[in-house]
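> Sequence:
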Amino acid sequence: PQEEELSVNGTDHVNETNGHHVKSVNVEHIENGSEGSMERKWIRPDLPSRCTWKLGDPNTESPHKHFQRTKTPSIIPNILSRIGETPLVRMNKIPKAFGLKCELLAKCEFFNAGGSVKDRISLRMVEDAERDGILKPGDTIIEPTSGNTGIGLALAAAVKGYRCIIVMPEKMSMEKVDVLRALGAEIVRTPTSARFDSPESHVGVAWRLKNEIPNAHILDQYRNPSNPLAHYDTTAEEILEQCDGKIDMLVAGAGTGGTITGIARKLKEKCPNIKIVGVDPEGSILAEPEELNKTDKTQYEVEGIGYDFIPTVLDRSVVDSWYKSNDEESFAMSRMLIREEGLLCGGSSGTAMAAALHVAKELKEGQRCVVILPDSIRNYMSKFLSDKWMCEKGFLNEEDLVVNKPWWWNLTLQELRLSAPLTVLPLVSIKKTIQILKEKAFDQAPVVDEAGQILGMVTLGNMLSSVLAGKVRPSDPINKVLYKQFKQVRLTDNLGKLSRILETDHFALVVHEQIQCKSFVPPLHLFLINQLFSIFLFLVLYTIYINDSEVWG
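Just so we're aligned: the sequence shown equals residues 783 to 1335 in my numbering.
It should be emphasised that the hints constitute simulated quantities derived from the structure, not laboratory data.
If you're wondering where the values come from, they're calculated on a predicted model, not measured in any experiment.
It is possible that part of the hints are untrue.
Listed next, the in silico PhoX-like pairs over lysine-lysine satisfying Cα-Cα at most 20 Å (straight line) [said to hold, decoys possible]:
1. Lys1106 with Lys1143
2. Lys1143 with Lys878
3. Lys1079 with Lys883
4. Lys1266 with Lys953
Assemble the whole structure, with the sequences as input and the hints as a guide.
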């Protein structure tokens, strides 16, 4: 079986299942947690693969079940039948603009029911677990994910009637969160900066929940062979059929690695001379050789690809070469795909296409390159589709976008003469912080550590609602209710930049100087601008503008 749960010392453990064809091995990985003697029970997502797949071995020797594709009926029983059979679309304007001689085709995975390539593995993992007797009616599905696998699992859970809990990093877009909630999933957010093996990471938190909730299962896309099998049995077969068996190059991004592993294995069996190119963002460590991964960058904005560990299901031996991508070219290409080819795709689609335009230059006329476009624009309306967001991240020049700027646009924040706010330390209790904010007539405050490093923001409303909802206790430290994502500007920045930020964010931190209730910290300086102040500021500026207009008139 691809996953079997056993009771060991009263605790559920999962058999190690790695890659495409596996040998079943019991695994128990227990580490001491950060709270003294508390044991941490989990299975690492980067265990060495025990997969027995070899190029040239017949499928009859596989321990897995392989399923033949079937023709879709005119009326389908439910939306899960609309997963797979995605179109292969010829690119026209873009390859011509970049001087490519080969034929460039895009496999548009955003035509799946849930909007991404991850719908395939989600359905396969659920149905394989059902067939093996692991997943039963009334059980709970838990999954650590960057979002798309979560949406696929939530979709399957909604149709089949399972409870679904998705654990995802804070970096992932609110659009993904909203879709998951609409599908009935419960969502837990974790710090983006947490390493994968940290108890606070999305992987660590998912395993903690699994150990606490009865009849809960982590289908584990990082280790589950159903992940690459879904692509070996369906995605690759579709590509071969659509290309009449003629394909010279495949370009695909790598996250868990299931997509590129499953497709590449099948294509190499059928097209021995094909070249497989993996795409990995700068800041990730999936590429080979290791020298490619050397960079000072540790984070990137593109979602769904790249990791700080090597997932078990990723078979790098079937990847012939790697391309390291960056955010700027990825988002620029995503926008170009939308504008020039009419493909409403996501950021990682731009990553794969940008890589293809580089590596496919070696192909000649008459040859064919297929690019996997993983997901749609739906998840990124507030991100790379937004000029404002692109400017804030430095991917677009704001001066080229704003026409007819207001007269105050280029005034610096220094001219506002702001007063410094109170800051609090992370271990101050929620009760004490609420008391301080009420006394000082503040409704929010920055939280900094002893060294003056900004950790996040706390708001009066969030603290009160969290206490009333029973999520935290008044005696808990405020680091349990932090907003860890916030915008920063400097006194030398202009009001135009601040205006852009406050269109969507409730506050911004202006770095300059600070007063701290416990001690003075000279290295860090900051001011707080909240939404109320922004409204007041722009009302004042608008009044001045009207009065000046009357005088000038």
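> None of the hints should be skipped; say for each whether it holds.
We went through each hint and held it up to the structure:
Simply put, Lys1106 and Lys1143 have alpha-carbon atoms about 16 Å apart, close enough for the 20 Å limit, and the pair holds. At roughly 11 Å between alpha-carbon atoms, Lys1143 and Lys878 fall within 20 Å of each other, so this suggested pair holds. A C-alpha spacing of about 34 Å is found between Lys1079 and Lys883, which places the hinted pair above 20 Å, so the restraint is violated. The straight-line distance between the Cα atoms of Lys1266 and Lys953 is roughly 10 Å, inside the 20 Å bound, and the hint therefore holds.
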